[in-house]
Amino acid sequence: MIIGDGYLRADGRKGIRNVVAVVYLVECAHHVARRVVDRADDPDVHLLGFPGCYPNDYALRMMKALATHPNVGGAVLVSLGCEGFDREGLSASIVASGRPVETVVIQEAGGTRSGIDSALQAVRRVQAEMRVLEMRVPMHMSELSIGTICGGSDGTSGIAANPAVGRAFDRLIDAGATCIFEETGEMIGCEGAMGIRAANAQVAEAIRISIENAENYYRAMGYGSFSPGNAEGGLSTLEEKSAGAYVKSGSRPIDGVIRPTQQPDLPGLYLLDVVPAEPPRFGFPNISDNAEIVELMSCGAHLTLFTTGRGSVVGSAIAPVIKITGNPETYAKMRDDMDVDAGRIMLGEATLDDLGTELFDLVLAVARGGQTKSEALGHREFILGYKSIEAVGPACHPRGNR
Amino acid sequence: MHEPAAIVLSPADNVAVTRRNVRAGEVLTMEGDEAVACSDVPLGHKIARRFIPSGAEVVKYGMAIGSATANVQPGEWVHLHNLKSNYISTHTRDARARS
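These protein sequence lines are chains A and B, in that order. Each residue of the first sequence is one higher than the one before, counting from 1 in my numbering. Each residue of the second sequence is one higher than the one before, counting from 1 in my numbering.
Source of the hints: derived by calculation from the structure; they are not laboratory data. These figures come from a predicted structure and were not determined experimentally. All residues carry an ideal CB built from backbone N, CA and C; glycine is no exception. Watch out, some of these pointers could steer you wrong.
Here are the simulated distance ranges between beta carbons [as the list claims (entries may be wrong)]: (1) A:D11 to B:G55: 55 to 61 Å; (2) A:Y54 to B:R50: 54 to 60 Å; (3) A:A376 to B:H81: 39 to 45 Å; (4) B:N86 to A:R34: 44 to 50 Å; (5) A:Y386 to B:G62: 37 to 43 Å; (6) B:E57 to A:I287: 31 to 37 Å; (7) B:S10 to A:S142: 30 to 36 Å.
Among chain A residues calculated to face chain B with C-beta under 7 Å, some are [to be verified]: (8) D154; (9) I159; (10) R219; (11) E239.
Please work from the sequences and hints to get the whole structure.
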């Protein structure tokens, strides 16, 4: 199934957006990079960055994956000059992907003003090169990857918005797409139900290990992935929230367990394991919803379906976010932020299948260039922190034999 | 269309989920079980469908979502005050972790 024209990249992948990534490589370069994006005043120039001064393999791997994401056409790296980030390594992998990239080092450029000017000129040059390289070609469903996440969950999430996404996932997978759900810390209690859906015994074992690991990790941290708002919205326990979150995955077999930056070779349904398989070193696996969206993007997700009962307003840099609420009160209060009103399920005005179809059609419309509410509102959130996690763990098996 | 105020998600469930704000004293029909709401219960929260003895599993989506910490009467609101996780305890804004 052809879904529309995508942006063909030199590495053969196709994007649904054509974004310039302006990347700060340490917090000290954040201001200069943000000014560059402000002054570019272009909805397709997005700000990404990593705040830490100390090097981190995960952050480097993530930034390489994000700067060469199919929706990214080129990049400008903004370095202070003395930070630990391997800017040459990042630049080299962007060059190797066939994308234009320039690096501006603030200390060499002569400070803030000249750093901003130099980086803005670099953005213009990268954009000019992207126009020369631009190739729009038909994009197939098998080349589209969709992530899903829930944030600000309440008692409606698990019975309206999440199962609606599950229906959409089933349809997308049947049409040949790649679908990714997460996160293992929010699936604690669902290990039994998930194991039954594993495509083979290896995947079943990988699921069991990843959930057990997530439980140990969160136990050591002292808190599960459960916020006060979840309780106010009617959720009482971690496993209740998990059961509601899990239904986003739909009903198709689970083809593999992947880790951040790991991109599945074949279409199908994948569980993203985001929890380190070691005692906590750098804190919570993901400190907020956008950290999870960024990890979904690092696995190639072109866009994300975000369900929210309480009403999250976030979008994302690089990859569009479609927001769905199952809470009729939230929809009434925040309709400017919500793309889909799954509260109609609660009111008996629509069925899960109606919403699954609506979502499926909306995914195609957004893949064809249609703006989401968060894009129109200018949401371009991005967050990346420290983590210590294997790129491909011994317990991670991308699709084996079905 | 007349829709029940609380829905049972799976036949094995001993709680139902409210689809709107429910008032104390409302008579609720939950898949054959009938009970009177003991208190106001907001949208998206849980109401006991039948008696749940202290220590028994609370079942929603056909899955155990924790254990009752007190005897729960039919029609009673089921939340942090009478339900605890079998995994990791719940943290609330007033910082009183329930365990």
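Evaluation of the provided hints:
1. Judged by the Cβ atoms, the range 55 to 61 Å given for A:D11 and B:G55 holds: they are separated by roughly 57 Å.
2. For the hinted restraint 54 to 60 Å between A:Y54 and B:R50, the CB-CB distance of approximately 56 Å keeps it satisfied.
3. The hint said 39 to 45 Å for the Cβ distance between A:A376 and B:H81, and at roughly 42 Å that hint holds.
4. At roughly 45 Å, the beta-carbon separation of B:N86 and A:R34 lies within the given 44 to 50 Å, and the hint holds.
5. As the Cβ distance of A:Y386 to B:G62 is approximately 39 Å, the hint placing it in 37 to 43 Å holds.
6. The hint said 31 to 37 Å for the Cβ distance between B:E57 and A:I287, and at roughly 32 Å that hint holds.
7. B:S10 and A:S142 have their C-beta atoms about 34 Å apart, which keeps the hinted 30 to 36 Å range intact.
8. The criterion of a C-beta within 7 Å of any C-beta in chain B is met by A:D154, whose closest approach is roughly 5 Å, and the hint holds.
9. Annotation: A:I159 was flagged as interfacial toward chain B, and the flag holds, the nearest CB pair being 6 Å apart, inside 7 Å.
10. Taking 7 Å as the C-beta contact cut-off toward chain B, the hint placing A:R219 at the interface holds, the least distance being around 6 Å.
11. Checking A:E239 against chain B: minimum C-beta separation of about 5 Å stays under 7 Å; hint holds.
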